[in-house]
Structure formats: C-alpha cells, structure tokens
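Visitor: Spelled out, the chains give:
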Amino acid sequence: MNENIDLKLHVWRQNGPSDGGRFEDYTGYAKNISTHASFLEFLDVVNDRLILDGKEAIAFDHDCREGICGSCGVVINGQPHGPQRATTTCQLHMRKFQTGAEIWVEPFRARAFPVVKDLAVDRSGFDRIVQAGGFITARAGSAPDANEIPVPKTVADKSMDAAACIGCGACVAACPNASASLFTSAKVAHLGLLPQGQAERMKRAISMVGQHEKEGFGACSNHYECEAACPKQVSVEFIARMNRDHLKAQLTYVESAGKDGGAG
Amino acid sequence: MENALTLTQTGIGKKAAVALTGAVMFGFVLVHMLGNLQIFLGRETLNHYSEMLHAVPELLWVARAVLLVSVVTHITLTVDLALRNAKARPTAYRVSADVGRQDPLMRYARKTMILSGPIVLSFIVFHLAHLTLGEVPGLAHGQDVYENVVRGFQNPVVAGFYVFANILLGLHLYHGGHSLLQSLGLRNPRLDPRARTAAAAFAAAVTVGNVVMPLAVLVRAVGADVQ
Amino acid sequence: MELRSNAPTGPIEKRWDQHRFDMKLVNPANKRKFEVIMVGTGLAGAAGAASLADLGYNVKAFCYQDSPRRAHSIAAQGGINGAKNYQGDGDSIHRLFYDTVKGGDFRARESNVYRLAQVSVDIIDQCVALGVPFAREYGGLLANRSFGGAQVSRTFYARGQTGQQLLLGAYSALERTIAGGKVKMNTRCEMVDVIVSEGRAVGIVTRDLVTGKIESHLADAVVLATGGYGNVFYLSTNAKGCNATAAWRAHKRGALFANPCFTQIHPTCIPQGGDYQSKLTLMSESLRNDGRVWVPRKHDDVTKDPRTLSEKDRYYYLEEKYPAFGNLMPRDIASRQAKFVCDEGLGVGPEINGVRRGVYLDFADAIKRDGKQTIAEKYGNLFEMYERITGEDPYQVPMRIYPAIHYTMGGLWVDYNLMSTIDGLFVGGEANFSDHGANRLGASALMQGLADGYFVLPYTVGNYLATKGKSKVTESDAIVKQTVDETKARFQRLIDVGQKGHQTVDSFHRKLGTYIWDHCGMERKADGLKKALAEIPKLREEFHADVKITGSGEGLNRELEKAQRVADFFELGELMCRDALERDESAGCHFRTEHQTNGECVRDDERYAHVAAWEWKGKDVAAREGNQVRHVEPLSFEYVKLTQRSYK
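Chains as they are written, first to last, in this note's numbering: chain A, 1 to 264; chain B, 1 to 227; chain C, 1 to 648.
Warning: the hint list may mix true and false statements.
Stated by the list, open to error - Computed footprint of chain C on chain A, listed as stretches where at least three residues anywhere in the stretch have a Cβ under 8 Å from a Cβ of chain C:
| no. | segment |
| --- | --- |
| 1 | 24-37 |
| 2 | 89-100 |
| 3 | 108-122 |
| 4 | 172-186 |
By construction, these hints were calculated from the structure, which means they are not laboratory data. In this text, a Cβ means the ideal position worked out from N, Cα and C, and glycines have one as well.
Please put together the full structure from these sequences, using the hints given.
Guide: Laid out in structure tokens, this is it:
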C-alpha cells in the first residue's frame, strides 16, 4: 500500500525580487518519497534533507494545508497547483506522479506578483483590489434583522459559487495574460448578486476594475485557462457579469457631489 | 473615486470596443458572402449586383468608412491589449502547459487569434486589390467583377490562398463570435451552449460559403465561360 | 493574587446592557487620538480592527500570513450558532446560554456566556449585512441546521465553508477600513513580544518575516486575537503557522494563562499516513450519522482487507458499549474509545511507531440501505476529499478515521471586559479562555470570535481608553529599547545554536507533540503526566543545544520562524501538563482516567469549580523554566444547575 517513488526534481530558487533566479536540480533529495505524502509534504521532506545537508530550505507559502486558506500555490510542470483539477497544491498527493517523473516547480509568474523568495510570491495586489471596493459598507451594530431582506435561494447559491474563491492566484498564474479577471469578477459578482450589495454595485464595478489595471495585471482575452486552473472551479461566467457591470457603470454611474452637510 | 479609469482606459472597455467592431465586421462578412454567392447564378446576376452596390456612391462610402474605422479600431486595440498582456508576464514559464480542456478546434482558434488576425488582414489587402480595385497584374483588370473573380480563382495559388485565409477567418469568427458575448457581458450559463453552437454554425456557414467559390472555379464548375 | 472577573451583578439578562451603560465613552473627536494595536486578523481580529476603526480609533493590525484573508478561522466548516429562533423550535438566548454552560461542563463564567448568547443574534444580522452568502430556503429566508447534537436548529451555514465566508466578511470590512486610512495593516509580520511599562501594555515587538527586522510598535492599548495553541501537538487540524508565541510572550510579561489543559479533540479526522505527515484534516462529524465505526476483533485481522472480514470478526465497539447512542456518542467519548481500541492493538492503517492509529468508518450498510446515490448526495464532497488525500474510494473500502486536536478552550485569562491581567492588554477569540469552559459546542467557535470582535472589544477597549487616557511611553523610553533588545538576543541565541545543531526544528516539534498527545491528549493520568513533565524539559534543553537552523536572521527564514514558535511550545506544553496534573478531576475534554464512571467524566465541583490561571514566576522572561503559580477564579452557577451528564 505504501509505495515510494524517486523523482527528478527541479526547483526555482530566487533570493528576492531583484535576484534573477535559477533552477536547482534536487533530484538527489527527491528519492524515496511516499506516494501518500501531499506535494507540500514532499517539499517538506526535500527541505529536511537540504537542511541536514547545511543548505537553505526552499521557501514556499502554505498554511492551512486543507485547501481553503489560499496560501499555497506553485506551478508544477506548467500547471498552477499541479495536474489534478479542482485541487490546491496542498491537497495534491504524490500518487499522481510516476517514479522517475521529471518535475519542474516554479513560482506563480506575473508582474503583479513579484517573487518574495523562491516559490513565495507577493499577492498583496489582491488585497488592494478588495480595498478598492470588495466590500459592503456596514458598521457593526447598524445591520437590520438578517431575515428582513429575503434572498432567493438560487441567488444566494450563485453568490456563494463566486464567494468560494480562496484568493490563491492560480487564475493569474494560468492566464496567458497574467490577468486577475477571475479573482476580481468573483468578488464583484459575489457582492453584486446579493440585494445587500446593490447600493455600492456600480461604484464597486468601476473601482475594483480600475485597481486591477493599476496593479499591472493583464486583460482578459477569454482563454478561460483561469477557470480550468481554479481549485474552487469559479466560473468565467462571473467575468461576463463583471464586464456587464463595468460597462454599465462606465456609461451610467455618476458619483454624488458630496453635499451631505451637517445635521444642524 | 481614486481608482476610476475611464472606459477607454480599462481592458474591459477596450475589449468591448474590439467586440463591437468585431460584430460590425461579422455582419459585413455575412452580407458580403451572401452577395458573392450570386456567382453561382451567372455573370449577369453578379455584375448586376456589383453595379447596384456602386449605384449610390455616398452610401457605399459611408459603409466603407464604417468598415475602415472598425478595422482600424479592432486592430489598434488588439495590438494595444496584446502589448499590455505581454508586459504582465515578464518572465515566461520554463514549462508551459495548457490547463483547460476545451474542444480542440476552439483551443486552436483561441490560440491563433493573434495569428489569424494578421493573415486575414493581409488577405483583405490582397482581396481589395484583386476585386475592389480590380488591379492585380495578370489576375484582374477593369470592373467586370465576374471576370476578375473567375480569372483569379482559376489560378490555383490564388484559390489556395483564399481557401486558407477563409479557413483562418472561420476560426477567428468561431472564437470571436463566442468571445464577443463574453466581452460585452452578454454571456450567461443558460444560453451559453446555444451561443456556442450559434457561433460555430455561423463561422462554418461563412467559411463554407467563402471557400466553395474558389473551389467551384478551380474545378471549372463555375466560370467555364471565361478563358 | 485575586482574580476579579469584573462581571456585573444583577439579573443576568440585564448585565451586559447595564455594563455598557456604565462604561465611559470617548468623545468622538478624541477617538482619533488613540492608537490600538490588533495582533491577528482572524474572525476576532479582523472584526475587532474594523469595528474599532469605524468608531474612529487608529488601528495598527498585524498578521503573519501574506494576507489577513488567510487566518485559520477560514478553515471552519460547520456553521455558526445564533439564537434567532427562526425555526420556531423553541430556541432562545437563554437556551443557547444554558447549552453552552452545560456543554462546557460548568467550567465557564456564566455572565460571559450569557453575553455571548445575546450578541449571537446581532452577529447573524451583521454578517448578512456584510454579504455573507448563508444558505437559504426557497422562500429566501435563512436556513438552519441542527449541529453537534443540539436539540434545536440554530446553526447558520454557508455550504461546508462557513468559516471562510464569515472571515471574508470580516476581512472585507477590514480592507474597507484600511482603504479609509484608519487601519494600518502589516502582513507577514509576527508579534514576538509585548512591551509592558509599569503594568500597562503600551506596545509590541514584531519581526518582519520578509526582512527579518525586529522593531517596536507603540499604542494606547493592545489586543491579541492570535488564535489557539493546538499546534503544541505538532499534528493537529490547525494551520501550519498557528502558534502560541503572542500569548506565551504576554504570559511571560505578566498575563495569566488560564486552563491550558482544556484542549478539544475532534473524532473524525483522516489518520496519519506516515512520518512525513504535516497536519491532519478534519472531516465533518455528520459522517457519523450514517457510517458505522468498527475495528477487527482479532489482532491477526488488522492488516487484512476489511471487506473480507465477516460480521462476527468485526468489533462495532461504540454500538456494543453504548447501545443507546451508538456511533453518535459525543465527540470526547467517541474519541477516547477509538484511542482505546488502537492501544489494544486493534487499530488499522499504516503502522507508525509500532501502533496502527485508525478505525473504520464503514458506509457499506448505509449504501446497501439507501443506495449509493443517496449517500453521494449527502457526503459526496467529503468522500471526494477523502479520496484525494488517501487515494482510497470510500464507496468501496471503509474510511479510516482517527481523532485529532482541533481547538483549545484554554488561553490567556481575561475579565468580563476581555482584558488580561496586564492593564490594556485585551485578548479575543480562541486566544482567550473565556466562554467555552472545559468543552466547546459545535458551531460556537465562530460565534465567539465574532462576538468578541464586533460587539465586545469595541466597547470595552473604548471604556479602557476613556478611563486610562493615552500612554505616555515613547520610542525613546528605556523599556522599549530593552524589550526589543531582549527579543533580538532571543533570536540571536537560536541562530547561534542553529548553526552548530544537528536536528531539524520539525523533528523536535514532532517529538514534543508525541509526548503531549500521549500524556496530555485524549486522556490523562497522573503518572503519565509526571513522566511527560520529566521528559519535556530534557527535550527542551536538547532543542536549545542541538537544533539546526539554516539561513540567517535577515530575510525570509521559515526555519527560524518555526524554531522560535517551537521554543515557546515547549514551555507551554509543559504548563499544559502541569495544569492537567493539578486539575485532579475530569471535566469536558479533560479526561483523567482516575475520575470516571465507565468512560464518562466525573467532575469534582467541590474542589475544581474554578478557573485555574497560571502566573509566570520565572526569574525573567528569558528563563525557560518558570515556577508558575496557580491562581483560581471561583465559578458560581446561579442560573444553570450543576449536573453530571450521562449517555448510558
């Protein structure tokens, strides 16, 4: 049942954003790997061996290791999160590889995701896109009763489909244009579908897209690689929805002149 | 709103313009093909159709202007987006692999958009010289459209180029037809399978219609009267 | 030391209202003059930071992840309780309060729990307003389910990702306040000490995980919302980065640590697959509704294909021992019984360190009864997850499960205002000890995190600031420099040892985890705890002499990060064992084998109806051995009568 494999491993090492980076051959450290280990546990094992050899461990982002936090993500043989569909790197297991297989591990590559170190990249652009409008303004204590506004089940379900995004960045990594359209649209759609999100819907569709462009992500050219790479299978129909909202907002939305004034 | 970019600045706005101009050319390609198919009705009909188009020069020039603006906008914005997209990934992957599992034709169409575009464009230039201006040495001369068409297509190289370019055009339309709904935000899951079928059918019809003409001439099913 | 809960008196349903009225308010124009530090951005931290910022305070927030959206609250699957009584099935604030006190086996403070039940209602409203896509009925109203054996349906959920959706709600509020300039967010930045000046928390020391820079941040109040310490066990359902350093450093600076031995086990996790295992994955407990738990009756059969074993060779131990509840026995009992049969040598799955730790959860009968289709509809996604991880198809082969640690009820001691024994140091969410007693009910962790963040801390921190005013400490004060220097020295010691050492950080952490799991896990007994208390310090000394850390202190260095967390886990793990030894009773998740009737807890209310809070008495904060002193906060139960539970 417990079978071990040897792999030909190449890992991208890069000391920081300004370092050029290079592949290192770690085949010698990638022998006798249990097929029941996850891909990250495989990297753990390689790291343990590197450390005992006096070498620095490979840096990669990871945290929950159960496919929900969105921290992990490397490109394995050209595929973000590796060969298994709807699966994050942490849930990918080594039984998906044959012994002797050649594995090239690279970071997510995009101008908007500078490399922090080795396989870890800076995805703070996603946070800034959310800052631009990925929220509903509601202070604690100001909310009406939760059942006051009914939300049709189909709408709530669709909204949840979009909200399932874990912000891992695989969509950017997979896109030939390094576009973050799928990420941005998932948030625009999640909030824009719900009745609570209507008040800020147009403003959101303009400002989030604007921030997306400023971060240096590419534009969507409808290749749909993002959807295929998405570990949560977020649909590109949300990109169509974002396009619709953005175009409509661009044509109709006027910012109010801010004459709120005082109360006396 | 600090983050606001205008419609002409965002990728979505540009893509929408690409889609709209694409739609205009879509319409043109269809009408153009239907008109040209009259070649199967003989010299008189085709030449009469050509004269009719030229009957109101103002109208013709308006149509040409719309087409020209569409072509220029379509190309300019596409190049602009392609440059921006290339900048978004400065370092290429060591290993490149597709993730998606689209049908092979769509995959091919999508990947060759940026290729099929220029080839179709060079075709259009040749095509304009050949049949609109009617001035290609050895192939066309003067305003007898029927004559020019048949003479041109009797040359296997010309006919071959037409067939090749129109197949690429078909692929371009296949992806483009589906893609423009996405870019304009008109796509939705309920209608999606039908939209996909419609795009495929449309692209196939235009391709078959356009390809059948040179082939018919080449095998002398049409234009045997021209020597 | 006298521990004053500062809980108000009077009728319990009026206490929080009265307390809020009695609080001092900060003038709106003055709020912007105050700085508050928020460490951790999970449910409690993100909600708290956003709410404080909305009130007008300036907040500096910190998280070790690359984005606040990744805090481990995100991994909670089941749901969140709210006493809305939308189902009209007899729920009420009082019932939620009652269930929580009873579920906590009478080791929580009544006033806190009541407040929690009260604000649970507001939490649901707030989350819906923020756009959390909770499950809905066809009519558009909110759906509920019954969870964790509750008699009423009060749990709100968003598929199996409730924690994710609630966190993203709080995260979006946090990002909004960041955009508004009221919160300054520091990601990939870990708190490594707290600065205490004349008994008041006035700031923290952080290490920037990317640059390695150690520096101070000052504020008028500090809030820790840094989560639990389940990773002491090495293998747990926590995220890899979850750690106790913030809480432990606060403890060493004077904050009391309460009930460290109260740690919760979840019975249905995927068992360890090998020695490379880095964490354990939880599977929804709902699986036990249809699965039957068994192990082979004979030792010879444990390696055989389970499908070949006949009915008489299978030992359905829960059904046999507890015919009334069978496979639905409460978490702690189901967990302990699994451990028991594995200790007997009847466990299945891979053998690790000489023991097979796994039991079967078999769906064959359910599939025969209801059809594969029905089972797939109910558990399809869980089965897929199981197959992804183990490579085995649960429709064909019985699942293997084993308990794992997943929540810690213990934490820094706080009063009714969520303030620790250090003035101005507040603690929210799992990091404090306050509301769950000795055992937490399902779907209550999310509720408590958000209650603290959205509805408690914003008031109580304000009251503190109004009363105490601004801190006068500046960067140039000696205490600031001294704390930073002590931190730098601590890191330098690790780096120095690390260059010469021979064993990896993880190898030490695994060993520590094994000790704690064996002796202070599902069941504890005096001699085992004494053994652990003898062994852990030895291992800790070995760690400080022989740990191997590559790389330097400058720049991203995951080994160094882990090493300093593990150093703190060693000290905390030891305290857990001491607390478990001293609490000579069984209560909730704390099961002392000496105190049971047929596997059920026997409390000793005469001697232990109290909170045990430990004070660090080590010679200084650098010391690894502290003669911690146990203080008690007596608990009184005016509204819920003390009873023993029984499942026979």
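Visitor: So, for every hint listed, does it hold in this structure?
Guide: Going through the hints against the structure:
1. 24-37: Our answer is that it holds, as 4 residues pass the Cβ test (under 8 Å) against chain C, meeting three.
2. 89-100: It holds, with 3 qualifying residues against the three required.
3. 108-122: n = 4 at 8 Å, threshold three: holds.
4. 172-186: violated (count 0)
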